[in-house]
Amino acid sequence: MNGKKILLIDDDESLLLGLTLRLRANGYNIVSAVDAISAITVARKELPDLIILDLGLPAGDGFVVLERLKTLADLATIPVIVLSARDPLGNKNRALDAGAVAFFQKPPDNREFLNAIQHALGETVALSTFLKT
Amino acid sequence: MNSPTFGSTPAIDYLPVSVASHPSYSTLSEEAVDPSLSPELLADLLDASAWIEILTTYGLTMNVAVSLTDCQGIGLGVCNNPQAVWSLLRAAVPLLGCPFCIPKSLPCTAVVDALRTGKVAMVRDQAGLTHVAVPLSIGKQPLGAIIAGQVFDRYPEALSLRRVAKNLDIPSQMLWEVARKQRPVSRISLQSSGDLLRVLGHAFVQQRYAAILEAHLAETNRNFRLLVEGVRDCALFTIDTAGRVTSWNVGAQRLLGYPETDVVGHHFSRIYTKEDIYNRLPEAQLRKASLEGHAENEGWRIQGVGSKFWGNTSITAFRKVAGTVDGFTVIVQDVTERRKLAIDLEGAREERVRLQDKFLSHVSHELRTPLTAIYFFTTNLLDGLVGDLTLEQSAHLKLALANINQLKEMVSDLLDITRIETHKLTVEQQHASPAMLIVEAVSTCQTNAASKSARLTCDIAPNLPYVWADPARVRQILINLIDNGIKFTPKNGTITTRGHAYTQDDNFVVLSVADTGCGISTENQERVFERLTQVIEGEKPSRSGLGLGLFISRDLVSRHGGRIWLESQPGQGSIFYFTLPIFSLAKLCAHVFTAPNLALRSVTLIAIEMTVVEHVVQADLLSEIKRILERCIRPGQDILLPSMSDTQPMLTFFIIACTDVSGFEVMASRIRRELEKFDNSSSLLLTITPTTLLVEPVPPSEKQIGEITRELDGLIQQHLSRNEKHT
Chain S
0 MNGKKILLID DDESLLLGLT LRLRANGYNI VSAVDAISAI TVARKELPDL
50 IILDLGLPAG DGFVVLERLK TLADLATIPV IVLSARDPLG NKNRALDAGA
100 VAFFQKPPDN REFLNAIQHA LGETVALSTF LKT
Chain Z
0 MNSPTFGSTP AIDYLPVSVA SHPSYSTLSE EAVDPSLSPE LLADLLDASA
50 WIEILTTYGL TMNVAVSLTD CQGIGLGVCN NPQAVWSLLR AAVPLLGCPF
100 CIPKSLPCTA VVDALRTGKV AMVRDQAGLT HVAVPLSIGK QPLGAIIAGQ
150 VFDRYPEALS LRRVAKNLDI PSQMLWEVAR KQRPVSRISL QSSGDLLRVL
200 GHAFVQQRYA AILEAHLAET NRNFRLLVEG VRDCALFTID TAGRVTSWNV
250 GAQRLLGYPE TDVVGHHFSR IYTKEDIYNR LPEAQLRKAS LEGHAENEGW
300 RIQGVGSKFW GNTSITAFRK VAGTVDGFTV IVQDVTERRK LAIDLEGARE
350 ERVRLQDKFL SHVSHELRTP LTAIYFFTTN LLDGLVGDLT LEQSAHLKLA
400 LANINQLKEM VSDLLDITRI ETHKLTVEQQ HASPAMLIVE AVSTCQTNAA
450 SKSARLTCDI APNLPYVWAD PARVRQILIN LIDNGIKFTP KNGTITTRGH
500 AYTQDDNFVV LSVADTGCGI STENQERVFE RLTQVIEGEK PSRSGLGLGL
550 FISRDLVSRH GGRIWLESQP GQGSIFYFTL PIFSLAKLCA HVFTAPNLAL
600 RSVTLIAIEM TVVEHVVQAD LLSEIKRILE RCIRPGQDIL LPSMSDTQPM
650 LTFFIIACTD VSGFEVMASR IRRELEKFDN SSSLLLTITP TTLLVEPVPP
700 SEKQIGEITR ELDGLIQQHL SRNEKHT
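Heads up: the protein sequence lines correspond to chains S and Z, in order.
So in numbering that gives the first Met the number 0, spot 106 of the first sequence is number 105, and the numbers just go up one at a time.
So in numbering that gives the first Met the number 0, spot 243 of the second sequence is number 242, and the numbers just go up one at a time.
It cannot be assumed that every hint is accurate.
[Claimed, not checked] The calculated EDC-like cross-link candidates involving lysine to aspartate or glutamate, where the alpha carbons are at most 16 Å apart (straight line), are:
#1 Z:K397 with Z:D382
#2 S:K3 with S:D48
#3 S:K69 with S:D86
#4 Z:K676 with Z:E623
#5 Z:K586 with Z:D659
#6 Z:K407 with S:D108
#7 S:K91 with Z:E623
#8 Z:K586 with Z:D382
#9 S:K4 with S:E45
#10 Z:K307 with Z:D333
#11 Z:K423 with S:D86
#12 Z:K407 with S:D48
#13 Z:K307 with Z:E291
#14 Z:K287 with Z:E297
#15 Z:K357 with S:D86
[To be verified] The calculated label-pair distances, taken between Cβ atoms and stated as ranges, are:
#16 Z:Q445 with S:T40: 43 to 49 Å
#17 Z:W564 with S:V63: 48 to 54 Å
#18 S:T40 with Z:S622: 31 to 37 Å
#19 Z:K307 with S:R67: 30 to 36 Å
Everything labelled a hint here was simulated from the structure, so no lab data went into it.
Even for Gly, the Cβ is constructed at its ideal location relative to N, Cα and C.
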């Protein structure tokens, strides 16, 4: 239990629930936001260690959120992983160019996804005991 | 008694030069000289009154009787020579059969012979009389003959005289009186004069023929003119070689808007747009028509009032004398409607494809969100995050997960399909181990196989060379083929994946997936690679999947430069094969090993090694480093080799540079600087080492390049194996 804080931004409540469970089991604290506007508010309030961002969001595209995050001094250094249903072709490079550290297409492989999270948080990868699949 | 005038005549073609070059003759098309001449024309050609002069003159000169006959030898009524015995004979002989043949034979053997051989034929009949037949033909069509002869070719013998008289039923005394006065003609002079007559006759026929045709042509022209003038639906006009309008039909007036009087004598380019005129399109079209006989072009055309229409312009050259263009006929048709229709159709097709792609891509996208939630919940349950599971619950969830993964593949397939259609499907070829790919693909399919009680086995040839392929895509192909095998194989079947050298072409390896399933009938074998095909074999259609896998696999294999095919017999199982190109350093380096590059006389192999201390290597990290290195090399002179080893945590990149040690120093310091800038946490332990090969001077031969690459390959392998020992 390292207690690092991750902000999940996604408008799909059931996905939030499923992913929150998985990440909590790996020792992270989870906060979430379901639209582009609250995303920034929550980020400023919670100052998470990592942001997981969907691209198709109500009230604004994920790319807009990403750009906004990178222009705000207090948020710019927070690593962002994009998790989207969109085609990686085109979107992946666009996300990386906009400052994201990784791009995953939904559904991501649990193991790869956790590795990326740990990498982004600067943690050494230790295979979670929860990962049996 | 050979008269000099009648000396031997050279053999002639049946078209004398003067005729062949006659202007009206050369304008005749193939059809006009068709041997199926009308009876009227034939009769006209052999019109006795036209021939009378030439025949009479000849008869008098040669002192023979002359007759014009048809192909059968039937006299056409002109034979006249008052001095000859003929006048006597003529009174007695009806105009039936050859007038010279005694007794009468039909057809006359001389005429038949002459027409068959095309030469002068001579015959001596039973009465001892000689006559020659001169063939007349037009083209290859026989017309008839000129027969020349005399009743007696020497002083009459009593016997033959009596025989002739008897045959002709005239008193022999009378015949004798006439014959006695006649100057004899030798057979030799008859023969040679026949040759002359042949030339004369021939020329005469041709001349007459040409004259008749000219008259006929004039008639046709008149008819054609009437026809052209009557055409109202398209513009039809003629122009001279300079492009000036010489005639203008009603259709032209209607379509192009100018009355004849306004346009004749003016250049025809006024029907083209300003841009076309500026680009000299009318001239180009005329030039093309002059050279090739015809030119066609479609585009906007201008009407007199300035409005435009989409017209098809067809220009045909016509020639009066062979070789020289005399002018052009121009046909302009209004095809605006047709074009609009074609554009609409094409637009509709594009729209359909676009909508279909949009739909597929949308479906693929929309399915992913719920699929992700299902995936998370299933794996959460399966990993015991929500509580302990019974063995049965766990088994069921594993099956659910296998199905989720299958669904995930289908959703990806949908996206791949839209990429194939829009040519966006990409393969990033690199240095890859086919053995490794087979092992990975087979282990991925293990769960699915277990659920269907199928056995997966591998058979990989030792020392299988590296391939030049996109690992993710090759895995995708293999997984697709193996999953198909599992799908169509009954319980306890075996699916064998093989990797071998390809005996037909040593630039390739061949991978194959064999199953023990229902097999595919010959007529279905071609179809399985088509889009949305799922061939139903046997009684029960074992159904699942979208039928896209093989279609995508075929596209992926062909993008690798390989080939995919299958061998199968119903009930015997199927084997799917595909080839992948073997990685070739020589091919990869070919574009930098050029004469100017090799003139530097040294090639340097640069090994860049990184030990990543803090974290497991991410695919993204690898591609980022690759991007940085790509920026440090000089395109066209250096090559960054694809990753040659999967050894972790040691990363090794190789650069082949056409440079010497000092050039290497510059490059190495740049690489170091760039990589340190990227990795400011200094978690990369970086070493850069060069190995320089000295190269023979130019010009590079295939053999020499082969040697360099072999040497480089050796160095690379040496380097890698040393690293492996370290780790």
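Hint by hint, here is what the structure shows:
1. In summary, the hint linking Z:K397 to Z:D382 is supported, as the alpha carbons are separated by about 10 Å, within the 16 Å threshold.
2. Restraint check for S:K3 and S:D48: satisfied, since their Cα atoms lie roughly 6 Å apart, inside the 16 Å limit.
3. In summary, the hint linking S:K69 to S:D86 is not supported, as the alpha carbons are separated by about 23 Å, beyond the 16 Å threshold.
4. A threshold of 16 Å between alpha carbons decides the hint, and for Z:K676 with Z:E623 the separation of about 12 Å falls inside it, so the pair holds.
5. Note on Z:K586 and Z:D659: the hinted pairing is violated, with a Cα-Cα distance of about 22 Å set against a maximum of 16 Å.
6. For the given pair, Z:K407 sits about 11 Å from S:D108 by alpha-carbon distance, which is consistent with the 16 Å threshold.
7. For the proposed pair S:K91 and Z:E623, the alpha carbon gap of about 13 Å is at most 16 Å, so the pair holds.
8. Between the alpha carbons of Z:K586 and Z:D382 the distance comes to roughly 48 Å, so the proposed pair goes past 16 Å and is violated.
9. Straight-line distance between C-alpha atoms of S:K4 and S:E45 comes to about 8 Å, which keeps the hinted pair within the 16 Å bound.
10. Proposed proximity of Z:K307 and Z:D333 is supported: the alpha carbons are some 10 Å apart, at most 16 Å.
11. With a C-alpha separation of about 12 Å, the suggested pairing of Z:K423 with S:D86 holds against the 16 Å cut-off.
12. In summary, the hint linking Z:K407 to S:D48 is not supported, as the alpha carbons are separated by about 30 Å, beyond the 16 Å threshold.
13. Using a Cα cut-off of 16 Å, the hinted pair Z:K307 and Z:E291 is violated, with the two alpha carbons roughly 28 Å apart.
14. Taking the CA atoms of Z:K287 and Z:E297, the gap is about 15 Å. The hint holds against a cut of 16 Å.
15. A distance of roughly 12 Å separates the Cα atoms of Z:K357 and S:D86; the hinted pair therefore holds under the 16 Å criterion.
16. In this structure the hint that Z:Q445 and S:T40 lie 43 to 49 Å apart at CB holds, the actual value being about 47 Å.
17. Our hint of 48 to 54 Å for Z:W564 and S:V63 holds, since their Cβ atoms are close to 49 Å apart.
18. Against the hinted window of 31 to 37 Å, the Cβ-Cβ separation of S:T40 and Z:S622 comes to about 34 Å, which satisfies the hint.
19. Checked against the given bound of 30 to 36 Å, the beta carbons of Z:K307 and S:R67, roughly 53 Å apart, lie outside it.
In terms of the numbered hints stated before, the structure departs from hints 3, 5, 8, 12, 13 and 19, listed from lowest to highest.
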